[in-house]
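We have chain A already, so just place chain B on it with the hints.
Each protein sequence line maps, in turn, to chains A and B.
Numbered according to full-length UniProt numbering, the first sequence spans residues 1 to 829.
Numbered according to full-length UniProt numbering, the second sequence spans residues 1 to 200.
Simulated from the structure, these hints should not be mistaken for laboratory data.
This list has only true hints and no planted wrong ones.
To give a feel for the contact side, a few chain A residues facing chain B, derived at Cβ under 8 Å:
1) 445
2) 452
3) 463
4) 576
5) 578
Derived Cβ-Cβ restraints for the label pairs, each shown as a range:
6) B:106 <-> A:595: 27 to 33 Å
7) B:168 <-> A:30: 24 to 30 Å
8) B:138 <-> A:466: 40 to 46 Å
Distance condition first, Cα-Cα at most 25 Å in a straight line; then the derived BS3-like pairs of lysine-lysine:
9) A:645 <-> A:563
10) A:457 <-> B:15
11) B:35 <-> B:15
12) A:563 <-> A:584
13) A:101 <-> A:380
14) B:15 <-> A:491
15) A:457 <-> B:35
16) B:35 <-> B:173
17) A:526 <-> A:563
18) A:435 <-> B:35
19) A:457 <-> A:526
20) A:385 <-> A:310
Glycine is no exception: its CB is placed at the ideal position from the N, C-alpha and C atoms.
The primary structure of each chain is shown beneath.
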Amino acid sequence: MVKTRSMRSTPEGTRAHPLAREWSSTMHPSVVREAFLAESIDAYTTRVRTRVTTGTWNTNGKAPRGDEDVRGWLMGARGEEGTPDVVVVGFQEIVPLHVDKVLAGKDAAATEAWEEVLDRALNGDAARQGATKRRGTMVDYDASYGNDAGRGGGASTSGTTSWVSFDDADVSRRAKSKAEPTYRPVAQKQLVGVYITVWVKTSLLPHLKDVRVASVATGFNIGVGVLGNKGACAVWMKLYSTPLVFVCSHLSAGTKPGDEHRRNEDFATIVDQLRFHPPDGLDGVEHTIEDAASAIWMGDLNYRLNATDKFVRDCITKGTFSQLLACDQLNIERAGGRVFQGWHESELTFAPTYKYRPGTNIYSGAEDADADVVDAGQKKEEEKKRTPAWCDRVLWNGDFDINLLEYGRSELTHSDHKPVHAVFSIVVRELDPQKLNALMFDLRRRLDHVEMAAQPKCAIVNPSVDLGEMFYSRDALGEFTMSNVGDVPAKFSLVSPIPGGPATPGWITVNPMAGSLLPGEEIVLKVRACVQGGRESGPSAFSHDSLSRRSEEPLIEIGAKPKLVEAVLVVRLEGGRDFFVMVKGQYIPCVFGTPLEDLPTTMFPPNCPQVISTLVDYVFENISTAPGIFFEPLDGLRTPGGVAKIAETLQHGETDIDFGALGVNVYDVGEALVSLLSALPRRILDEPGVLDAVDAMKLDDPQPKEFAHGLLGRHLSTKAKAALVHIAALIKRLDEECAKTGARVHVTEMILTFATCLFPESTEQPNPRRVAFIGALAGCHPSFLRTLRAREVAPPPSEPSFLPGWFNFSVSPEPQESTGNASGNLIDF
Amino acid sequence: MASNASAASVTTQAKLVLLGDMGAGKSSLVLRFVKGQFHEYQESTIGAAFLTQTVCVDDRTIKFEIWDTAGQERYHSLAPMYYRGAAAAIIVYDIQSQSSFARAKSWVRELQKQGNASLVMALAGNKCDMEEKREVQAEEAEAYAAENGLFFMETSAKAAVNVTELFHEIAVKLPRAPAPTAPGVVLTNQNRAPKNSQCC
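Looking at chain A on its own, in the form it has when it is part of the complex (with noise of 0.2 Å):
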């Protein structure tokens, strides 16, 4: 029924003071909010205590007499305890509800006359003839009333909100005149017969604001729209920074069972439609009877009792008419939640205040109404035989600052309604800036520790780890320790230093990468180095400074004493700091990773790199040992730490390795090939003549020999080409025996193994034109083209990366400890 707004349901919310919850709407994060919320408004508002005197009344339709003295019912009885800051009066049946007044939609005249009686009660002696002088020095509130039939339309007519704004030069000039008027009229709304008027005293207008009025008719629905025979009329305005809204409702009437109903489907369309427009023109946003700190509600809501017309009266006469309580629609309304929900009402402690008999104090419909009654017009209305009930009412909603002192009703008798009063004490408020930003600053400032203590607090023991000396191919070991000192638990997790980038260099790598701690607990990190094989792991991994990629230098040189290596890992605590960890080595350079122009060349053949030789002719010389080799998953074949023994025999400068002897087998040697040909800092066929020729390749016919060698003759220096063309012998070999042994399926899978080594790393994998050149190099047979196609056509599903073990660089050199990553494989299949 009642909208909720976000802003108030939020948890945090539901029991602050609306005003601090309009404030911290907009701020964030929502800690911020929240602590906020939590500090008393009383810390960065002035408060201002206000007596608001509230009035209903249905009169009847009737003017009021010239002599009409309503102070007894606004000023209140115990007047002498203050007067009211603020009255606000609302009029039912202003006008006769007569079609023609209904139609009309308002009547200056009735509203005027009421003004004066007003007038007259609130400022006494400086009232002044005819109300409307006085209003005349606003701007005019109400002037597009006019449209409201065009604007509502649909099921019903929502007024048009209006401004008033205050001529500051003329409340001061009034201010030192003598007949200075108390209260001044602020703003008014009418629908036909609902009436609303705010007074406001004249010391306090310069702190009311924003005052905006709004209607929504219940009436007739008449097809075009609904009329305003029955509705409401509303006044919003901020007094200081507290909005308050006022309402007056004339809600449906009716005595038959069920039409209490109707009034409930009235006040829930008041509320759902109601909508305070901010002034034409300026900017701002809509508000509902939701957005008021205080809401006060008045009218003649047309409850009546629930009892017989004899009880009624007898309990009245008794003066027990608490036992009538109960009886009322209202309250049983309300307690069954289908009206007025959320909103309060103060005990009724008087007497019913309709149906009266006009210019008496006797209920209309009394025992001995023939008898007193001559008017004929008024046996008439006797004889509907209203029974008492308690149709006028004042309800507030709001939960801070406002408290109800008074709850009456006065016994003029100009009307067949008494009128009824509420009095409210209201607190309003003034923001006061310099206290609330001193507050916010403050509370941000504690929100500031509490967040830098309750951050994750970790320490390393030691950020240095030092790996002593590295080999190629050969682990190194190293650990750091980090223990959580802090008391709340920790995450932690290695971060790259480039966007993107891995965590740890490919050389390195750490286990566990990420985890966490509780308080008190510590982990240690086993960090492992590794140098080996391609470019993310080998030594030209060292040539790249990976995390400023400042130097090009490489930092490996070949024939230089022992080098320094060095790599620092970032560890973050999340929400914390992030700690640096110094990686460093002692590489012992080798052939592995040794640019091919830097190799020493053999004398025959002429210009190859003697550990390219050494090694293609051992696996030449021996192939018929190997089956398989280069392209079989060879677990168990290969020597663990082999590579290794070949690489540090290697870097003494031997030339006749008697491999056998080295403990090493055919399949370690082939191994060690294909591992310093993928770990040269440029591979051989790294040549941008070279690739683009092999990228423009077409597949559909195999490329002649001479084709590949030409390429070679334009692009590459005499070592390389010295070197591939070794390459190339022991590639056709291989393919030969594949032929003998009748493995010639598995051809392709040995080229592709060399096109992967020998040309530079790329994304695609395999790369058909690269295997068809290193075939047409070689001079093999043709048909592993066949072969190569159809895996073009249908790679087998479960292929997975081509990419050699040696790429990886988390894969342990030793075959042992490979895990289903087939390690040290030569080709992962």
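Same frame as chain A, but now just chain B:
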């Protein structure tokens, strides 16, 4: 006047990084600013410390997210992690050391190369309480700062000179954010904060 209510409620977060030679006093400046403390023997920062501190400037609230980085040259290459995306940078040198001033200049050049035009750069000549051992004249640094569009202050974390002012001045110079769009902002009725346009 009531508009301050809305301003005080909105916080702009600003990443701020401290760069400068080892021992120039970056950590001490932050510690003085955030906690009002000073340690004669401040441990060398191995890594990057993260602290937050809120300042209120005029009608704005700025929450500095401060990265206090290691000054050692060996960690130089990690600095981009911290100055990347920063709204402000304080480049600190020690007035007792020409070499730290030279280092500061190289940081300025590096930041200028990043091409982040909106980065607010401050040059802080720290340890200004050590007048008798001064090597870098304030005029020299002032002129350098003016040439390079930085603002310059001499500070002392030890004597609490110009520390709050330094951060405050940065906050003032930060470009005004268009609107708070940080997650967690309640955007419904964001104009509902008190306005003063209709004020008496």
